[in-house]
Structures are given as structure tokens and as C-alpha cells.
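If you read the protein sequences in the order shown, they are chains A and B.
Residue 32 in this note's numbering sits at position 32 of the first sequence; the count goes up by one each step and never skips.
Residue 262 in this note's numbering sits at position 262 of the second sequence; the count goes up by one each step and never skips.
Just so you know, the hints here were simulated from the structure itself, not pulled from any lab data.
Please read all numbers here as calculations on a predicted model, not as lab measurements.
Distance condition first, Cα-Cα at most 20 Å in a straight line; then the derived EDC-like pairs of lysine to aspartate or glutamate:
| # | chain 1 | residue 1 | chain 2 | residue 2 |
| --- | --- | --- | --- | --- |
| 1 | B | LYS140 | A | GLU224 |
| 2 | B | LYS362 | A | GLU224 |
| 3 | A | LYS60 | A | GLU127 |
| 4 | A | LYS277 | B | ASP149 |
| 5 | A | LYS229 | B | GLU367 |
| 6 | A | LYS314 | B | ASP125 |
| 7 | A | LYS152 | A | GLU129 |
| 8 | A | LYS98 | A | GLU30 |
| 9 | B | LYS139 | A | GLU224 |
| 10 | A | LYS314 | B | GLU129 |
| 11 | A | LYS229 | B | ASP366 |
| 12 | A | LYS360 | A | GLU303 |
Counterexamples of contact, computed for chain A against chain B with all Cβ distances above 10 Å:
| # | residue |
| --- | --- |
| 13 | PRO57 |
| 14 | GLU77 |
| 15 | VAL96 |
| 16 | ASP104 |
| 17 | PHE302 |
| 18 | GLN323 |
| 19 | PRO354 |
Stretches of chain B that chain A covers, calculated by requiring three or more beta carbons in the stretch to come under 8 Å of a beta carbon on chain A:
| # | region |
| --- | --- |
| 20 | 128-134 |
| 21 | 150-156 |
| 22 | 461-467 |
| 23 | 473-480 |
All C-beta atoms, glycine included, are put in the ideal place defined by N, C-alpha and C.
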Amino acid sequence: MIPLEGQVRIPSGCAVSAMISRDGRRMNGEQIIQSMVPMHDRSNGLGGGFAAYGIYPEYKDFYALHIFFNDKSCQNECMTLLKEYFEIVQDEHIKVRKIPQITDEPIIRRVFVSPMQSVLRHLQIDEKELVVRTVNRINAQLDGSYVFSCGKNMGAFKAVGFPEDVGRYYRLEEYEAYCWTAHGRYPTNTPGWWGGAHPFCMLDYSIVHNGEISSYDANRRFIEMYGYKCTLQTDTEVITYIADYLLRRQGLTLEETAAVIAAPFWSTIDAKPEAEKQMYTYLRNVFPSLLVTGPFSIILGFEGGLMALNDRLKLRSMVIGEQDDMVYIASEEAAIRVMAPDIRNIWSPAGGEPVIVRVKEGAF
Amino acid sequence: MNFYPEFEVVRNDSRCIRCRVCERQCANEVHWYDADGKVMLSDESKCVNCQRCVTLCPTRALKIVKSDCRLRENANYSDQTIKEIYRQAETGGVLLSSMGNPNPLPVYWDKILINASQVTNPPIDPLREPMETRVFLGKKPEHITRNADGTLNTQLAPQLTLSMPVMFSAMSYGSISYNAHASLARAASALGICYNTGEGGLHEDFYKYGKNTIVQVASGRFGVHKDYLEAGAAIEIKMGQGAKPGIGGHLPGTKAVGDVAKTRMIPEGSDAISPAPHHDIYSIEDLRQLVYSLKEATEYRLPVIVKVAAVHNIAAIASGIARSGADIIAIDGFRGGTGAAPTRIRDNDGIPIEPALAAVDKRLRDEGIRNNVSIVCGGSVRSASDVVKAIALGADACYIATAACLAMGCHLCRSCHTGKCNWGIATQRPDLVKRLNPDIGSQRLINLMDAWRHEIKELMGGMGINSIEALRGNRLMLRGVGLTEKELEILGIAHAGE
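Next comes chain B alone, as it looks inside the complex:
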């Protein structure tokens, strides 16, 4: 069925100099030059509103606007709902989407406000006083022990040391490009934080960034071998992902080319679809076995992270994981991004990260096992203030991926699954990949994290806190606005004015 396109290309012909940049830059082939009429034309039906042409047009002759030609308005059957039905009626297929849930569901970060010092204690100025953001992730001992000479025995379970409580979350090589991985790895290395390989294995060129790499083991076990496990600073078992709880990863065959296929150890061009469960984990005791298998394989040198999607029973699940031998739990909220997920699952499964995090932190404390594990939260952490709120709710650190993609140039057009990312991130087409220069990509990631670190320090200083550990779980520093009593109770915070 044919519809009027979702977007319109508005071209100011008096500005257009026919340089044809838009034509060359658009992987979706929206623009072309009509030599007879000496005019640029466009097929707007192919446009995904990625803004590549708008950004590169030297004369600002282009803009992409939302089309106002819509189906008859209906509050129940929205334009999108109806068109999705038409598409499914045509194809019989499952709808696919990319990036995080775009629907207007509650963003609790925006309903939480941060405290600042006035009179009774002083704010601290990060420009004039030390302000510390270093964190360690990993299991802490219940009791200290001493050596024969009385000094402290400083041996600890393996820890991950981060210069600031933010890491780049899992994005596989395959879902994103070689240059995107290079940018992330180099930035993480320069920043003293970690990036995460995702489930696609680790390209041999990036082994040298191992100290700042988290290697992931997902249900498909793509690219997992001994050297891979030993290459990183930590191993992450991916049980689930916020964007698609209950199903496995999904790399379209069009992206499984060349080195991607080789790194994943799969035939070129084959869809890499991870099973929904790990086929060796059907229960919590099985998880414990995998945790210890990985520890054995790496001689207990590396912390093991277990990543789960935030789902209804997350507190109990986390409690189980904390007793499974895992060193770190990563919780991924329902607004987390993805390179490809069934739309229905992305938009309807799981719960927001804020209440999930609060519930997990509280449960682990109630059970007295909060020190057994560190908590990393992800699933739409968008800014330094989101990080501060997450830490104050109880997280040890945050995972960011969408924000990292944006830093590298992503414009959130949510078309990663097509493999035609015009920004060189979520694509494997060499002509597109080369658009992302790792020198620039890594620098922009470093800039973003530098900026966030400054902001985190300013926010901490305002609260009179000069080290990040004094913020962790410090919920008194948060107040809710416009939240119900139940929401406040779950978040464990008071309402503004209380």
C-alpha cells in the first residue's frame, strides 16, 4: 500500500548550487540530479530523516520536515498504528525497530531533582578543591584480614577501576562499524574507563585496548574463545537487554560481512540470531556454573558481570545473581537502545531503569548483600545529571550507548537495522564506514565524557560532596516532583518540600 511519505525534503532552489553532495551522501538514495531540468529531485519515501544531507549541504538549501499529510486523526488508532497494520497485512512479518523505545512513557530522571548546600554546610568548588570520581567495581570482602605482621591483607577479588562512573555499553562489532568500535576503544582507553564488545567478538586490531575492554559472552557465543576471554578487563554474561528482554541478539545477514563474520566465527552473510536463553542456563544455579566456568577459564583474574534487562521481578533476580558468584550486575532499562529488535518487544517489554535500580539496590541492602556485587545501570542515561541521579539511587556506575552513538554523529533516525547508517556507525558498507573518522569519533567521545565529568563534579560540589562514593545510594540528595506516593516509595525518595 502506498502512503504519502513520512518526511518531506524541502529544498530551497534559490540556494541549491547543484553540488550533489546530498545525492552522494544519502545511502537511502533519496536525492538525484535531473540533468535535463538541471535540478535536484528527491524520492522522499526513502528518507529516514537522518539529517545527513541537511548537515552537509553547504548552502543550507535543505531541510527535512515531518509531513502533514496524515491519515484521519484518531486518538486510539494513530497514524503509525494503522500503517504498521497495513505493513504486516502486506508482508506477514514481525516489525523491526532500532534504538530505544521512543514512546511517551515516564522518564523518572526528569521527575527527580538534586539537592544543593545552603548555609548549614558549604558547597564545594571543584575548581578550587579536589573532587573525586574514581570508582572500583567488584565484590568487597565481608571481613578484613591481616598478614602475620599485622598489616592489612590487601588482596581482593578482581576489581574494575574506572576514572569516572560511566562506561560505554555493549554494542557489537557488526551492529556497529569497525570505526565506531575503534572510536569507543580508543576513547575508553584515553579516559580510563571501559567499553564493551557486545556479543560479536573482538576484532584482532582491538586486543591492545584490553585493559579498557569488557568482553561479552551472549547466548549465541559469537566470537567467544579463550584468547577473547583473556583479552579484556572483565567478562560480561549477557542474559538480556533492555530493548528486547526475553529474546536474543539479532544481526541481519547484510551486516555479517568480511571481518564481522570472521570475528563472530560465522559464515559470511548469515543472520546471526542469538537464542533467547543461553542454552546452558535454564535456572539460577546454571548461571552460577557459567560464572565459575568463565572464572576458571581466566584463572579468577577478571570480574564477571551479569547483565539483565529490567523486568518486573528484577529485585529478586538481582538477589539471585548477587549470590551466583557474579562480581557486578548490570541492569538495562526498557528505554535502552538496540541495533535491531522486534518493535512490539522494544516498545512493550520490561520496566524503566529508575525504579528497577532503586528496587535492586534496596533489596540487596535489605538482604545485607549489597557489598557482594556492584551495580551498573543503563537503559537511557542521557546526561551527567542522569548519572548523578543514578548513583544517588544506588548505582556504582552507568552504562551509556545511545549518548555515545550521538557523540559519534548518530542522529537517532532509528534505522540501524537497515545497515545503511549515513553516519558510518551502524553499517558495514565500506563507503559509509569511512565517514566515521576514529580520530574524530574518539575525540568527541572523550570530549563528551570530559564534559560530563565536569558536570558531575559541579553537581557533587553543590551538594557538598567531594567524592563519588559519598553520593552512592545517598537518596536523601534526591527529591521527586509530580510522583505518586507509590512511585516515591519504590524510588525510596521524598517529595520536593518534604
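The following block holds chain A by itself, in its conformation from the complex:
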């Protein structure tokens, strides 16, 4: 039997795509689904997924947990655990469209939760930390339950299949988001497991990623010191935890985070003005184990924006397109041409150069 995610390390190639409105206009999922069609050959049918921001305005104060359960008993076990720490605001099926391309589905639930204040006081942690710990615990310890999205006013939708089929399966044309990211997966040694598809999410951070990082075990062993558990053994998972650790726990800016993950070369740093040189040197000195090497292009989604980043040698393709309030990002220009046929402003960011797009303040 072929080992599953978590039992073996799984490298994979992939396709990524994203669209975001700087004005915070909400758009349905049709375009982002279509953008994955010309990149069909970059996936192999073993995983596709999407992340959408701004989709739950009526529940924006609650954490939206998207959960896969193998069966009813797993669901009961997981819900019992959740109820110890959270008020359950809403517990519902995620609506899907039955199509022949997507089969063997688990139970897919959406649970809006609110952390219990008494629990937070008792554990002396903030609510985000409680969500992280609880999700890690469910994913690491509860067999047959897997939380694949846990942010506020956002959600991930993923499955085994080609991304365009996954999009139709989840009826993404019925959701409206100011930012969409998408992923098609080409794993090389997995039978495909729903939880292993991208995006990979932690709180409102979502990562879609194309590449195979060579620093994986250095990154994993470092980040696991801080309470994260890399249960899937995928690059995307560890990059998500790195982003959470640097952005939320260390309080680095996006630019600083990019300078850790895809650090400038020493030759570049040493040629910079003194203040910048000190800053970059400091970041490389303090977080050496979070440098990510090997080919990658990632799109990190978060509340109110996204960041696209290539590895420092630009070993994976990634292009950016801009038109009016829209910014498009994709592995291939063809994908952007589907979303914006008349687009003129298309360019490739340099290796290690973060492209950060923020929605206007107050518009999300």
C-alpha cells in the first residue's frame, strides 16, 4: 500500500493562481476556476484547491473551521473536543455538487466557533493561540478528523481531483471573495488525500505553493520546537507554520518575513547601506533555520491582502499582472490572460522579491 500524507515525505510540482481586488470588490469563484484550466498539465489530478477571503461577512467575528471527517464517529469525537474550548455558533454541511470527477469524499463540515473566554483566561493565551493549538491537536491526534481551514471570514476548499473540477464541486461560483488563490497539485508519491491538497491554512494565513524545498527538514525541525506539528510532511504545511511563527508570533512585517524565507544573498546584503545591511544580517543571523531553499513560488493569503514570493534563485516560474484595482498572480501568463484577456501590465518578480498586495483599509 502506498503511504499516505504524514507517513512519508511528499514532494510535488504544481500550479498556482490568485486574483485580488485592491478596492475590496467581491467576485465569485468563476474566474479563478477558469484560470486553472490552461495550466491543467501542471496538475495530475491528485489535488486541487482554493482559498477565498471575505466570503463569510455575516459570520466575520467567528472562526470558520472547515473540517474533513472520515465518518460520524470521528465527527462526534472532534466536536466533543471543540466544545470544551469553543462555543459552536453554527455547524453545517459545506454544500457540494456531485460530479463524476470527484469521488470518495469524506464528510465535509463548516463550523463557526467562538473561543470561550474562561478557557483563554485559564490557559493565559490569546484566542488565536487557542485556535492554533486546538487545530494542531485535532490534526495530530484525532485520527479521521482534519481541520483544513480555520480563519475568520475566509475559507479553503480542497479535494482530490483537478483544480477546475474541485472548484465546480465546491460550487465556488456561489461564493464572493475580494481575494482568491488557487492550486493544482502534482505530487509524486501519494495516492492523494483530501487533506494533502492545497491551500494549507492556519488562522487567516493560507499558502498555495509550487515547488519542492530542499531545506524542508531544517525548517521542520526548527518550527516543531515552537509547538507546531508537521503531520503532513509537505512543504506547504511547513511554510504556513513559518509564516504564522514569523508574522504572528514574532511580529515581523511581510517584508521582513520575506527576507527570512527568501533571504537576499550575502553579496547583496553586504553592498547595502549600513542600516539595511544590519537589518538583513540580523534577520539571517536570528532565523537561519527558516531560510527556505530549493525551488518555490508561494502565494501567502491573509486578511486584507496577499504576498507572492519566489525562491531566491527563481527556480520556479511566477508572473504578476496588474489592471485597474486588480492584481493577478499565476505560475503561467496564460492563466492571467484567462482572467484578464486585455491585460497589458504583466511582469516577473525577481527571485526573493516579495510582491505584496493590500486591499484598501476599510474595504474588507
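With chain A fixed as given, assemble chain B onto it according to the hints.
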């Protein structure tokens, strides 16, 4: 008791031109010229097989071979075991040895293989792309802090910056010569790495290499004073040494001459025997006091290294050190070299560096304190691939000493304790010391490190890694061959094929 010598000098008389180089070069006085017979003769019983005469013989008339005249074979009582008993029966003395444990014990480096990229991610070509080997050793902060204007506060605990993750390990002035120290200091300086004074103090001529010098404080406190502490880039407290865990350093009086004695601040000709423990450290809390005493003395400008021998309980010991205020832990494996050690201790005490390193790195990570300290490992790191394997197991950098001695000309005859090193390294005899030219010695050390750096880059590039920090602790890049499950578990690596 008289034995047939261990080595035979084989002289091809038809090639020998009686130039008498061998005679002049041999400090052990093996060779001499018999004027009557016009022939070179030798007393092989004095030969240590250092190969000096072989190397310098202009006509290749000489070779040294292992004698085949042995005691009757016995798998339990080897020739060496029996002769050692005879020697002790004669003298009542403790057997002395030099350099690292030569016995056929497991070398785990040789049972670990390195990964390379194929298809799913690309190897990186160091000739065409940047490939970085710079490392910083020292304590990292748990949380970043910011200045009032929001910029990062870049103040850090003192760090040691190295251009590549290799340093020259401690060898005292006394155990090795002035010219050997000069070679090491100049090479370290040119390479942007560090060498280590060992426990014999720092000759005043070498203070100028301070930025690339680690000054050692050992249990004998030889040569330790305020200027000495302030001269270096880091201070190392030597708690133990891989070749002789549990005992102190040992410099025979014959080597404590002239400047050596002056630098050590001891009377000339006296044996410099360091106590087994530091007499102010009988427990971990005492270590903390010494760490902070040294930091106070140097105004917290320098990182403090605590060097320990790899012993059975090394993980717990390292955990204690990581909480003692030390910035760097140096672990020295049981195959590490020495200028003089009791044979029984050298050959039987301590554990190999590979499992010790793996256990320490894992323990510090399990306790979440790996960032409190950097780890330097030594005790037989022989090549660039050993370095790469050590970094992937979890080391920040490696210490090398035997390899450095070899670069300077050492032929591993393991006779350092006699003080008659024909290569000018482990000796204080002026006529021998001058055989090591520091211009050449330092250049050969630089060459060796340049070569290793190229090889490290090639190996990293093959793995698709373009900076050394992405290799550190990256055990997925290693596979074991022919190791038991327990060994693999301790090393934290999978078996080849997994």
C-alpha cells in the same frame, strides 16, 4: 625486554648516494653513516614511522615497512597488548599515547550517505550560482524587539562570524610549536575563521590575530590573564577533551621550555599537568558562575564556548550547559586527537561524536532551547563530507585539528608526546620547529580549507541547497547504510531505501 622492532627500514643500497639526509632529518636518531664501510646503517628500534626520511630521500632509496616478525598470533592477546604488558611490567608506568584513537571502532560518518536532487527539484551549480557558507555562532533572542521608530533592534548577544563552518580546534602552544601556531593563526585570519589557543596561553606575537582567535581557559588556567581573555574573539572553557575525558591536559616538562613556559606562566621544564576538574567547578551551577565571571571580565563582548568530551550522558550535560549562560557548546568525540594522553583513557573513554551530536541536537530541540546555543562538533572530522554530514545532523560548525596537523605535514606517527616531531609541529626543539615554515604551513591550511569549501558547496548544490543554514539539522538529507535500527534512531536518520 627486547623485541624485534615494529618497523623495518628498507634501504635500497644501489640507490643510496650517502647524502646523509636521513641521518640529519631523523630526530629519533635511527640512521647513521658508517665511514669505515661507507654505508648507511639504522637502528630501527627507534623508528616511529613518521616518514620524514622517506619523504626527503632524494633517490627514493628508503621505505619503512611494518615488521613481519611478530609474537605468536592470538586474537585475544594481540602483539600490541602483550608488549604493553611487558612494558608496564618493566616500568610500573601508565602508558602514554598521542593523536586520536586508532582502533577499529565504528566510524559513523562512513555509514551515512548524502542526498542529491533528481528531477523533482534541481541541483544547483556552485560555479554558476551563489552558494553561501557563512555562519554565525552564538545565542539567538527568543523574540525580536523594535526601536521606538519601529525598526528592528539589531542588538544581539555576541556572535562569532565564520566564512565557513569549520574552525581549527584547540592545540596549545607547547603541545605544538610556535611555527605551527603561527601557521594556524595566519590561516584562520586569511580564511575568516577561527583557530583556538588551547590551554597554553597566547604568545604575545599572536595577539594581532585576535579577531580570529578563540582563547581557551582550562582547568590548569595556564597563561590566563585579563589581556589574554580580551585578546580573542571568543573564550572557550575547556571542561573536557574527546581523547581524554575526565582528565586534564598533559604537557611533558621537556616541552615546557623558553617562551612556552613564559606564555603558560610556569617554571621552565616543569610538567604542566592540568587538574581533572576545574577546581572551581564541581557542578553545573559552578559552571554558570565561571561563564559569567568570564563575561564580566570581558564586559559581555565575547561569546563563551563550553567544550566537553562526548560522554554517555552528553545530551543531559549539553542541556545543562545550554542553560548555564554559555553561547556555544563544543562537543569533542572519542576519536579526537591529543598531544599526550594515557593510552587506556584515549582508547576506551567517551563515545563517538556522531551519535553524541545527534543526541545533543535532538535534546536541545525537544526542550525548545536549541536557539540558546550553537553547537560545534569535533573529534575526527576528516573531510568536507564529514562536515556536511555533521551540519545535517545538527552542528552549526566543526572543529578540526588532526586534519589541520596533516595539512601542516603531520604523518600521524602518533608520537607527539616524545616531543621529537620531525615535521616541526609537536615539538619545541628549535632545530625541528624551523622545519615548519609558517608561510608554507599557513598556505597549506588555506588550501585545505579552500578545497573543503569548494567540496561543501558542490555537495550542497547537489542537494539543491544554496546556503549552509538550510542544511543545518536537515537530517532528511542523510541516509544510513548498514546501521541497526537503534543506531538510526539515535542518529535520527532513515536507512537507505526508506
